[in-house]
Amino acid sequence: MSLVLEFRKVKRTGLAEAFLGGGILAAAVPFLNMTFRSDRYLSANGSPVTILMDANWQMMSMLNVLLTVAGACILYHIEYADHTMQKMNTLPIREVRLFFGKAGVIFTFSILFLLTEAASVAACAARWFGSGPETAARVLYIFGFALLMLLPPILLSLLVSSLCRNMWISLGIGVVCVFAATMLPTRDFVLTLFPFALPFQTPGSLAADAVRNYAIAAAAEAVLIVLLEVIILNVRRLFE
Amino acid sequence: MNIIETQNLTKRYSGFTAVSELNLHVPKGTVYGFLGPNGAGKSTTMKMLLGLIRPTGGSFVIDGRRFPDDRTQILKEVGSFIEAPAFYGNLTGEENLEIIRKILGLPKASVSEALELVGLTDFRKRLARKYSLGMKQRLGLAGALIGRPPVLILDEPTNGLDPAGIHEIRTLIRSLPRQFDCTVFVSSHLLSEIELMADCVGILNHGRLLFEGTLQDLKFSAAAQGYPTDNLEDTFLTLIDADNRRRGGAR
Ligand SMILES: Nc1ncnc2c1ncn2[C@@H]1O[C@H](COP(=O)(O)OP(=O)(O)OP(=O)(O)O)[C@@H](O)[C@H]1O
Ligand SMILES: [Mg+2]
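Top to bottom, those sequences are chains A and B. Numbering-wise (our numbering), the first sequence opens with residue 1 and increments by one. Numbering-wise (our numbering), the second sequence opens with residue 1 and increments by one.
Chain B on its own, in the form it takes in the complex:
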């Protein structure tokens, strides 16, 4: 069963198409890696799923609810982290999560649980303004995870983290579907990263979906087209490159 499904989802900015007739299928209970180079349209897609920007065309369903009629219901079930971490610099990490907790109407314990998950418990009393980049990133993640939403939409969650932090957050994301019975839709530039945490991948280039399926499918399909498969990063780059060439060298 697919928990997120889009039908010809399209976003056009005056004359420029950022996302083009996207048909995504995100199976329930998986980590779905959404992959693409800079400017491919990953954030744009995620923002449409959250109702932050309006699709020019197409539609989508999240957990059986259709946008825009069920917008509020969708937002209740989706925890999200988009582009940059959002926080009130004048509040502590704990107070920041407390605001989100109140809005979502969650039990008090959910704040400490979220802090614990992202490893911020020791810094919960520090002002978010004084957090390091990685700590802000973690706070943003905590704001998505709080209350164990059934769907998580995470846009480049490991940005700005140190190698140990990247590993830790990856392991966390990997474990989420089993731990909390949720689905994670996560974006990244790096196939090597997605490979370590995702069950399925969708590869986006210039707003178009080049591939969708399991990592195994990706290897098969790449091998069938004569692309290298021993290093998936090369596979990804070759795939993107071939698509760019098909578009007549237009980048």
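Same shape as in the complex, but just chain A:
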């Protein structure tokens, strides 16, 4: 119910177009890379999908996280711009429902742009490496993992946006966090657990138990962020 409602609210905001455009842009990354530098990758060792992911995922995931940050900002901007947040609070719904609805919107769009990217990676593997349909399962697994890793930054950027009446502040915080994430040393497991750093991980370059650990960490962070949002909303109410 609140998901449908949140989808109605974003009509004409350009959000869908932004996600579509961003998804296509990210999907174009492996294609362009292969078009111009295929010899470099064709001679590399390893499975085609792993080679493609290693070469392009940094750039693609960066686009993905920035997209979700911008999406979160827009989703709350429409509430704060013309006082609708106050109106929503005078209606018989709980404020956290808004949060879940908006998370659902970004999550749905994330599935769409990750599928676009997955299709692109699979197509590149087929075209340049001659991979058959057997890669499909592997690609889906990798992008399923990517979706899970995207969950904490989606929720955290929504949490930040829900607290900032001014969209530029939440956008600024989000962008700084994304860039900080790219600069964290990747050797230290604990540091890579920073929510905005998670989407840069991909199973191809991780050991099996690391994949499991990241999955658990992402799920735990998601739960924690939701709890934090609930607590903040309740505490904030006490001070208004």
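No wet-lab data here; the hints were simulated from the structure. A couple of the hints might just be wrong.
[What the hints assert, rightly or not] Derived Cβ-Cβ restraints for the label pairs, each shown as a range:
(1) B:126 / A:59: 41 to 47 Å
(2) A:189 / B:57: 48 to 54 Å
(3) B:14 / A:184: 36 to 42 Å
(4) A:163 / B:57: 25 to 31 Å
(5) A:189 / B:64: 57 to 63 Å
(6) A:36 / B:72: 58 to 64 Å
(7) B:126 / A:83: 18 to 24 Å
(8) B:243 / A:83: 27 to 33 Å
(9) A:189 / B:14: 41 to 47 Å
(10) A:119 / B:68: 46 to 52 Å
(11) B:109 / A:238: 36 to 42 Å
(12) B:66 / A:230: 21 to 27 Å
From the three backbone atoms N, C-alpha and C, an ideal C-beta is built for every residue, glycine too.
The hints should help you fit chain B with the ligands onto chain A, whose structure is shown.
Leaving out everything else, chain B with the ligands in the frame of chain A:
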């Protein structure tokens, strides 16, 4: 029977009291005019009634339900319009009301009814962002009236309307209790405006209730204190002025 009753309702901001031990009695089925100069605490009171801000002290009951335990139930029965109109600029007037309708779980026809009431039917397909100030105000009102709630809380609903619009909205508010069997709690700066639509008035100054009763009572009480009564606006100004002087000239 009183549909809204407050007991010593108080809101204090660090060292400053915006609303002080307010005891309001809003009779069911009336238009109650809530009057006061800028900064008197009208919006603050209304926001407390809607649970938007937390009272520092006191309590209130709306339609037999006590805040904060019955908050959701209260909000189901109260249509409200506070300070500035709220709308999604990227949606049309109709789509805006559709959102509220969905949340309240009202029948589909309630949107067109609300649009008709405030005279926006012809502009329902226009983006709210492109509405004129008065049209936005009307959209905000439609968002309060939708679904015919038994209680309406309207904060300066005629702000930004042209003279014809003010007259139209006043007439609408005046007719609501009879038409929809509801109670209207409406604020304004102008006694002359309240006089035209309200059955009862409450006069607020610096967060304190100076007077509460019918307009007739107000005239009697003013005459008894030797204030002018032939022009109610003068009565109001004298009342406020006298109260300000009693406070030792502190404004
Ligand atoms: N968050 C806040 N912090 C501190 N003071 C506040 C806050 N909100 C309101 N006030 C103060 O409370 C007082 C009452 O404000 P309120 O908005 O209720 O007045 P009002 O009667 O609605 O006035 P107006 O007719 O101008 O709308 C004002 O002095 C205002 O500055
Ligand atoms: Mg006000």
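For each hint, the structure was consulted:
In this structure the hint that residue 126 of chain B and residue 59 of chain A lie 41 to 47 Å apart at CB holds, the actual value being about 42 Å. Range check, residue 189 of chain A to residue 57 of chain B: Cβ separation about 52 Å, and the 48 to 54 Å hint holds. The supplied range of 36 to 42 Å is met by residue 14 of chain B and residue 184 of chain A, whose beta-carbon atoms lie about 40 Å from each other. The supplied range of 25 to 31 Å is met by residue 163 of chain A and residue 57 of chain B, whose beta-carbon atoms lie about 28 Å from each other.
For the pair residue 189 of chain A and residue 64 of chain B, the beta carbons lie near 58 Å from each other, so the given range of 57 to 63 Å is met. Between residue 36 of chain A and residue 72 of chain B the beta carbons are some 59 Å apart, a value that agrees with the proposed interval 58 to 64 Å. The hinted window of 18 to 24 Å between residue 126 of chain B and residue 83 of chain A holds, with their beta carbons roughly 19 Å apart. For the hinted restraint 27 to 33 Å between residue 243 of chain B and residue 83 of chain A, the CB-CB distance of approximately 32 Å keeps it satisfied.
A C-beta distance of roughly 45 Å is found between residue 189 of chain A and residue 14 of chain B, which places it inside the suggested range of 41 to 47 Å. Here the CB-CB span from residue 119 of chain A to residue 68 of chain B is close to 51 Å, well matched to the stated 46 to 52 Å. Distance hint check for residue 109 of chain B and residue 238 of chain A: the Cβ-Cβ separation is about 40 Å, which falls inside the suggested range of 36 to 42 Å. The hinted window of 21 to 27 Å between residue 66 of chain B and residue 230 of chain A holds, with their beta carbons roughly 24 Å apart.
Violation of the numbered hints given earlier is absent; every hint is satisfied by the structure.
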